[in-house]
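What follows is each chain in one-letter form.
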Amino acid sequence: MSTEVKQEWPLWEVFVRSKAGLDHKHCGSLHAADPKMAIQMARDVYTRRQEGSSIWVVRSDQIVASDPGDKDMFFDPAEDKVYRHPTFYALPKSVDHM
Amino acid sequence: MQASIELNRTPAVHYLLRIGDTCLVLAQRLGEWCGHAPVLEEDIAMANIALDLVGQARAVLTHAGQLEGAGRAHDEDQLAYLRDERDYFNLTLVELPRGDFAFAVLRNTMVATLLKLLWQRLAASSDAEVAAIAGKALKEARYHQQHSADWVVRLGDGTDESRRRTEKALKQLWLYVPELFDSDDVEAQASASGLGPAWSELREPWLAEMQQVLDAAGLAMPKEAAFRSTGKHGVHSEHMGYILAEMQHLQRSFPGGVW
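If you read the sequences in order, they're chains Z and P. In terms of our numbering, the first sequence opens at residue 0 and continues consecutively. In terms of our numbering, the second sequence opens at residue 511 and continues consecutively.
The following block holds chain Z by itself, in its conformation from the complex (with noise of 0.2 angstroms):
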């Protein structure tokens, strides 16, 4: 038995996917103590209205995020790239959903 008691549970985000074939979308996120926790209690908090057919957790501390300073640098590049879009190809008839 530990003999230090956490006062507070981690943070976990939750990740929902509504219906198959779909992505899991992000949601929010909670307080659990464990992994089975933090499922059990996002489907409680987030499923309540038939939202999901699927559910992720995972621990927000786990989270690698861009910097909101490197907003600039990394994305304000891209603006004036219209050529990455794929729109000047024609496709055959045959492919769906580009």
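Bear in mind the hints are in silico, worked out from the structure with no lab data behind them. Careful: at least some of the hints might be erroneous.
Stated by the list, open to error - Some but not every residue of chain Z turned toward chain P, in silico, with C-beta under 8 angstroms:
(1) H30
(2) I38
(3) Q39
(4) D43
As the list claims (entries may be wrong) - No more than 20 angstroms apart at the CA atoms, straight line, and that leaves these computed lysine to aspartate or glutamate pairs for DMTMM-like:
(5) K681/P - E719/P
(6) K35/Z - E650/P
(7) K5/Z - D667/P
(8) K678/P - D667/P
(9) K681/P - D670/P
(10) K649/P - E719/P
(11) K35/Z - D60/Z
(12) K24/Z - E7/Z
(13) K646/P - E586/P
(14) K678/P - E734/P
(15) K681/P - E734/P
(16) K35/Z - D660/P
(17) K681/P - E671/P
(18) K733/P - D692/P
(19) K678/P - D660/P
(20) K24/Z - D79/Z
(21) K646/P - E50/Z
(22) K649/P - D660/P
(23) K5/Z - D670/P
(24) K35/Z - D725/P
(25) K649/P - E639/P
(26) K24/Z - E50/Z
(27) K649/P - E50/Z
(28) K681/P - E586/P
(29) K35/Z - D553/P
(30) K5/Z - E671/P
(31) K733/P - E689/P
(32) K35/Z - D667/P
(33) K681/P - D667/P
(34) K5/Z - D33/Z
As the list claims (entries may be wrong) - Simulated restraints on C-beta separations:
(35) R58/Z - H546/P: 26 to 36 angstroms
(36) K5/Z - Q721/P: 25 to 35 angstroms
(37) D725/P - S93/Z: 58 to 68 angstroms
(38) A638/P - L10/Z: 26 to 36 angstroms
(39) D585/P - R47/Z: 53 to 63 angstroms
(40) P548/P - I62/Z: 25 to 35 angstroms
We treat Cβ as the ideally placed atom computed from N, Cα and C, and that holds for glycine.
For chain Z, the structure is supplied; the task is to place chain P on it using the hints.
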């Protein structure tokens, strides 16, 4: 004030009210946790369980009221709010006061395990309506059992204080276990007609599932008590009157009130 209804207590009605009232009264007790659970997430989880139980109670009470027979039938609201104490047949276990969180999750585990086993059997009921209710309720009960049992394991195998509280709750609640499986003529008739099992048949699987949970929590299963509570027969603990007063006063003061 609205007077009490006269219940047509046939064995089938009595059998169904044991189930419906157990769901109804536990839901009322769980509702007392709203705004008081240890964390927001669990607050919502408890309320979800309570609302599932209200839904199950509604379905079972509605059907029980129809089985009272032509001219004597009652609707779910009349059955929920206008019966006298002796006409409620819930397990005494569920009417005990809210207790602390350890008490709440242990009681939920005990009741959800029983209801899960019961719904499994009722899914094959000779009464098609009961079988349909059971099919839906079984999924809910499985989750209630898992969610609550996980908490019992965390608390039993947690800190000194959580363990002490869980052990205390176990000692208090185990007194009321014999009543669960104390079968009588009402259940014998249900079993004979195919309506549902005598609850004594659920004793072995219930004990086996509870043993698993208690083992994982590092808790010893108490010995069976000699005490026999009698809520299933309509003779309740001193707590029942208070919970009914709270549940009923609105319908008694404003008959038929809706919102």
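**Request:** List, from low to high, the hint numbers that the structure doesn't satisfy.
**Result:** 2, 12, 20, 28, 38 and 39
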